[in-house]
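Using the sequences and the hints, build the whole thing.
Residue numbers (our numbering), protein chains in the order written: chain S, 78 to 348; chain G, 3 to 438; chain V, 121 to 427.
Be a bit skeptical, because a hint or two may be false.
Keeping only pairs whose Cα atoms sit at most 20 Å apart, straight-line, the calculated DMTMM-like set for lysine to aspartate or glutamate is [what the hints assert, rightly or not]:
| hint | chain 1 | residue 1 | chain 2 | residue 2 |
| --- | --- | --- | --- | --- |
| 1 | G | Lys173 | G | Asp392 |
| 2 | G | Lys341 | S | Asp204 |
| 3 | G | Lys286 | S | Glu200 |
| 4 | G | Lys341 | V | Glu184 |
| 5 | G | Lys422 | V | Asp286 |
| 6 | V | Lys235 | S | Glu86 |
| 7 | G | Lys126 | V | Glu315 |
| 8 | V | Lys186 | S | Glu200 |
| 9 | G | Lys262 | V | Asp178 |
| 10 | G | Lys430 | V | Glu201 |
| 11 | G | Lys355 | G | Asp132 |
| 12 | G | Lys438 | V | Asp286 |
| 13 | G | Lys198 | V | Asp200 |
| 14 | G | Lys438 | V | Asp178 |
| 15 | G | Lys341 | S | Glu200 |
| 16 | G | Lys422 | V | Glu201 |
| 17 | S | Lys340 | V | Glu315 |
| 18 | G | Lys230 | G | Asp268 |
| 19 | G | Lys286 | V | Asp178 |
| 20 | S | Lys336 | V | Glu315 |
| 21 | G | Lys286 | G | Asp302 |
| 22 | G | Lys237 | G | Asp252 |
| 23 | G | Lys430 | V | Asp200 |
| 24 | G | Lys438 | V | Asp268 |
| 25 | G | Lys147 | G | Asp392 |
| 26 | G | Lys339 | S | Glu86 |
| 27 | G | Lys126 | V | Glu184 |
| 28 | G | Lys339 | V | Glu184 |
| 29 | G | Lys339 | S | Asp204 |
| 30 | V | Lys237 | S | Glu86 |
| 31 | G | Lys286 | S | Asp112 |
| 32 | G | Lys286 | G | Glu255 |
Some residues of chain G that are not near chain S, with every Cβ distance over 10 Å (derived) [unchecked claim]:
| hint | residue |
| --- | --- |
| 33 | Pro88 |
| 34 | Gln151 |
| 35 | Ala338 |
Derived list of chain S stretches under chain G, where covered just means 3 residues or more per stretch with a C-beta under 8 Å from a C-beta of chain G [unchecked claim]:
| hint | stretch |
| --- | --- |
| 36 | 192 to 199 |
| 37 | 278 to 291 |
| 38 | 314 to 321 |
To be clear, the hints were calculated from the coordinates, so they are not data collected in a lab. The beta-carbon is built from N, C-alpha and C at its ideal position, and this holds for glycine as well.
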Amino acid sequence: MRSRTFLLEIVMIAVAVAFLFPVYALVTLSLKSPDQISQTPLSLPNPPTTANFTEAWSAAALGPSLMNSTLITVASLIALIALGSFAAYFLARTATRLGYGLYILFLLGIVLPFQLGMIPLYELVSDLGLIGTHAGMIIFYTGVQMPFTIFLYTGFIRALPREYASAAQIDGASHLTAFTKVVFPLLRPITGTVLILNAVFIWNDFFTPLLYLGGSGFETIPVSVFAFVGQYVSDYGLVFAGLVLGALPIVVVFLVLQKYVIKGFSSGLKG
Amino acid sequence: MTDLRDARISRAQFFRMMGGLAVAAAATACSTNPQSGGTTATGASGAAAVDLKFVGVADQKAPMDALLAAYKQAKAGVSIAASYAPTDQVQTSLRTQLGAGNAPDLHVVYPGSGSAMSMTEIAKAGLLADLSAQAWTQTIPTGFKPAFQQDGKTFMYSAGSSVIGAIYNKKVFQEAGIDAPPTTWTEFLGVCEKLKKAGKVPIALGAQTPWVTQLINYALVPSTVYAKDPTFDDKQSAGQTSFAQSGWRDAMEMYLELQKRGYFNDKPNGTTFEQQTSMVATGKAAMAIQVSAVLPAFRDAATSPDDLSMFPLPGSDDAATVWIPAGVVVGLGASAKGKHAEEAKAFIDFLGKQENINTWAKAVAAIPLTQDASSTIDPAVESFLPFTKDRAVPFMDQRWPNAEVQPTHFAVVQELLSGKSTIDEALKKMDEAYAK
Amino acid sequence: MTLTTQPPVETPPAVRARRARRAASFSPSWWFAVPALLVYAGVVLYPSIVGVFYAFTDWSGIGEGKSFVGLANFRAILGDEQVMGSLGNTLLLTVAILVVQNGVGLLLALGVHAKLKSRTLLRVIFFSPVVVSPVMVAFLWKYVYTPDPSAGLNGLLGLDIDWLGDPSVALWSIAGMVVWQYAGYSMVIFLAGLEGVPKELHEAAMIDGAGTLQRFRYVTWPLLAPALTINLMLSTIGGLKLFDQVFAATNGGPGYATETLSTVLYKQAFVYGKFGYSTAIALVLALFVAAVSLVQIYYLRSREVAQ
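Structure follows, in structure tokens:
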């Protein structure tokens, strides 16, 4: 039994090493000069150079993009959690036909491809003067991720006993107070899930920010990296340094919070 | 995430933050939207009264940078914010902006018809300002007019034309014992054979990058189609002839012959334009069939840029019937619906001055639209000049009726290179796309 | 995406009546849903409805000229080789991703569920690509798939394959890249399922003399049903809507070999200038995704209940 576990461990580590090959290529190439890349593409960089990183950092303007991505992601998450949990509380607790209809209406948003409303939405955002602004993107993500957020919250709240809120209300609290003071804190686990799943989606989203922010000076990280790669495709070392820098923030956050992130992605099963 | 449990204490702050956020967002919206607020006031006297926006493709950055700086000197009170992006990205965001009625004042326009961002397509939608009153439009050479004009009105500016031919590495040619560029198709095959024997890749082909796929056909078709029938475009448009019934078939056969003889690099469909560039620049390959506008990119990648030059690809065995493709380079237009259409047009008028045409043309190794004593022509394209008068035709797509033919051409060439299709099928697909 | 909820539970009428009475006094009022509804309606519902309208026109995407063409766009889809070809590609890609990603995910989950010293590290490694932008992953894999026999995957494995340039290979190469990125996602969902399997059941089965495979087949597998439902749903919807990876890696080529419904409708709108037709394709895609999801939910749920 002991030796079988040991064998399994060896096998799994071997699998992980193979799995990491693209990451190995990414990191080693970003530390190589063009000559090393063409002559010894697979070996370790010898000697390693950080020239690619300094050049990529200044050429891709990732500093401002990092700010844009952070601002858009954080603000959208706040709006999603506030509005989503609020709406889900009603949808989960109501027994009316209206409530059920509304719930279905929200769920519809999960299957609609974004291309369907792409141009009309652009017209709307443009009429509001929100093209090329953070606000435009924040409103967009709040709307687009609302169905999914409500879906998660509603499922969770339905499984929650009503008695907590009722007790508070018997004590004279309003619906609003009962929700914010009593119910919302109980939603902590699902709020974590909502936060993580939406954060990863918003942070990495590519097409809409390309459409709305391309050339505005307010680009998010994936858009900047895309433009950067388009400009320097032939120089793999430089491109990969840009990719490393672009991926680093979210990877670091993930590594620090890995337990919570993995839980966020896998939870809900028992919900 | 460790702070999740602290979320409780901040509920009130949280809602206050929401309110603050909305205000902040509104403020950002105002400050970043040039159309709102008080910036619209135009004054003849005013300093920095008008902000124009230009959206272009990456190839336009070099000439625009130089000319924007010059314009700043020439005209106070107008500032132009320019942004550049790869073609795919521009195509997407610009089409969306045009569709939503939110076009930038100045933006990239492709010559003629045949693409979703082409002059004809956008002008037909009424979204390009008429430039016909500007002096430079009177001197557009007759042969190029279809690229600039729709119904007799000029809607696009471009500084000149580029040619398609072989960009080659002179040193590699010399080392293989080749003294002069070939002037007939048979000679060209002979040159390739010599290069192959010398252990070089004769022709680098980066067919994974879609637009690169078309260039060999574009280089051959003037000789195989237009030299025989200069009115082919009109006849095709009238339905009297088709790709399948024309010299397009010969061009594709010649294209595939090059592949069959092993004159391309291995796996062209997995090779990109950038890899193609570096193969020629570093001397691993001897040449690439390319458009002269990418000469600067090839030179940038080369250790000794002077080794690179160009020659016309001879698509015929009679040197006298070799024709070349010479197309108008990607240009720009002014939005007809913009609030600053007049200022935008004034900038284009400035670009139309001979010295500025020269500047732009030089930056992209183009042949200037009109020339004076100070015009320079890149020495690499000099061998094309004898052709430009009466043995040159515009790039084929500039006369195609819709935006679907060109991408179809890309796709069928990739299919042919991978052996998944036949020339008959390829031409049929192109004819079908043409008829749409 | 993760699915959390159960379908609305059917409750006996008496209970329902009692709840309704209580709900009348203690249920939150409808205006709780209004702010969310407003944003959602503005960003998703209204534009989609207008989009549906465009699907019945011949609008080019720019300018004023558009006229109503009835069902012509939908009829054209049926005869459009490019769309039909991309539908085939989309289905192949979805099935490949569905099978391989979940197969690999399950094996990884079983592997790291065992009491290994490195289990936490292994989980983090296998999961990490999930958090990275698909566009960036595609750029990385474009290099991994370089045709150069001395570099990338070819160099590592001593192969000489034109991964993205050979039309008979390219689609599977894209599937491979998607599986690499998301196998860790399937893994963590299966893991959560595995952790829900009571140890006692395994012990009991072991006492009854069941071998490893038998225990997996009769104890673990049935209890993994909810995890499997979620995984299949996720990979199906993800596969059908796949866009970023294809756009960045091959843009549909070589030829039409990796064209998916999403890339085709993108090209129709932005490259060919046929916006009306493009939205018609988007509408078909939406109905398709909805139909497949419903069938899957229905079928897999009934299977769960049966077990």
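- Given the hint that G/Lys286 pairs with G/Glu255, test it: the Cα-Cα distance must not exceed 20 Å. This hinted pair is violated, its Cα atoms lying about 26 Å apart.
- Message: Can you confirm whether the C-alpha distance between V/Lys235 and S/Glu86 stays at or below 20 Å?
- Response: holds (9 Å)
- Query: Regarding the pair G/Lys237 and G/Asp252, is the alpha-carbon distance no greater than 20 Å?
  - Reply: Holds, at about 18 Å.
- Beyond 10 Å from every chain S Cβ - status for G/Pro88: Check fails; 3 Å does not lie beyond 10 Å.
- Hinted pair G/Lys339 and S/Asp204, Cα distance within 20 Å: Holds, at about 14 Å.
- Hinted pair G/Lys286 and S/Asp112, Cα distance within 20 Å: At roughly 14 Å apart (the allowed maximum being 20 Å), S/Asp112 and G/Lys286 satisfy the hint.
- Satisfaction of hint between S/Glu200 and G/Lys341, Cα-Cα up to 20 Å: Answer holds: G/Lys341 to S/Glu200 is near 17 Å, not above 20 Å.
- Query: In terms of beta carbon proximity below 8 Å, does the stretch 278 to 291 of chain S have 3 or more residues touching chain G?
  - Reply: Since 3 is at least three, the answer is holds.
- Restraint check for G/Lys173 with G/Asp392, where alpha carbons must lie at most 20 Å apart: violated (32 Å)
- Item | Given hint V/Asp268 paired with G/Lys438 - CA-CA distance at most 20 Å | violated (39 Å)
- Message: Tell me if the straight-line CA distance from G/Lys262 to V/Asp178 falls inside 20 Å.
- Response: violated (43 Å)
- Can the restraint linking G/Lys126 and V/Glu184 be considered satisfied, given a maximum Cα separation of 20 Å? The given pair, whose Cα atoms are some 10 Å apart, holds under the 20 Å limit.
The structure shown violates the earlier hints numbered 1, 3, 7, 9, 12, 13, 18, 19, 24, 26, 32, 33, 38.
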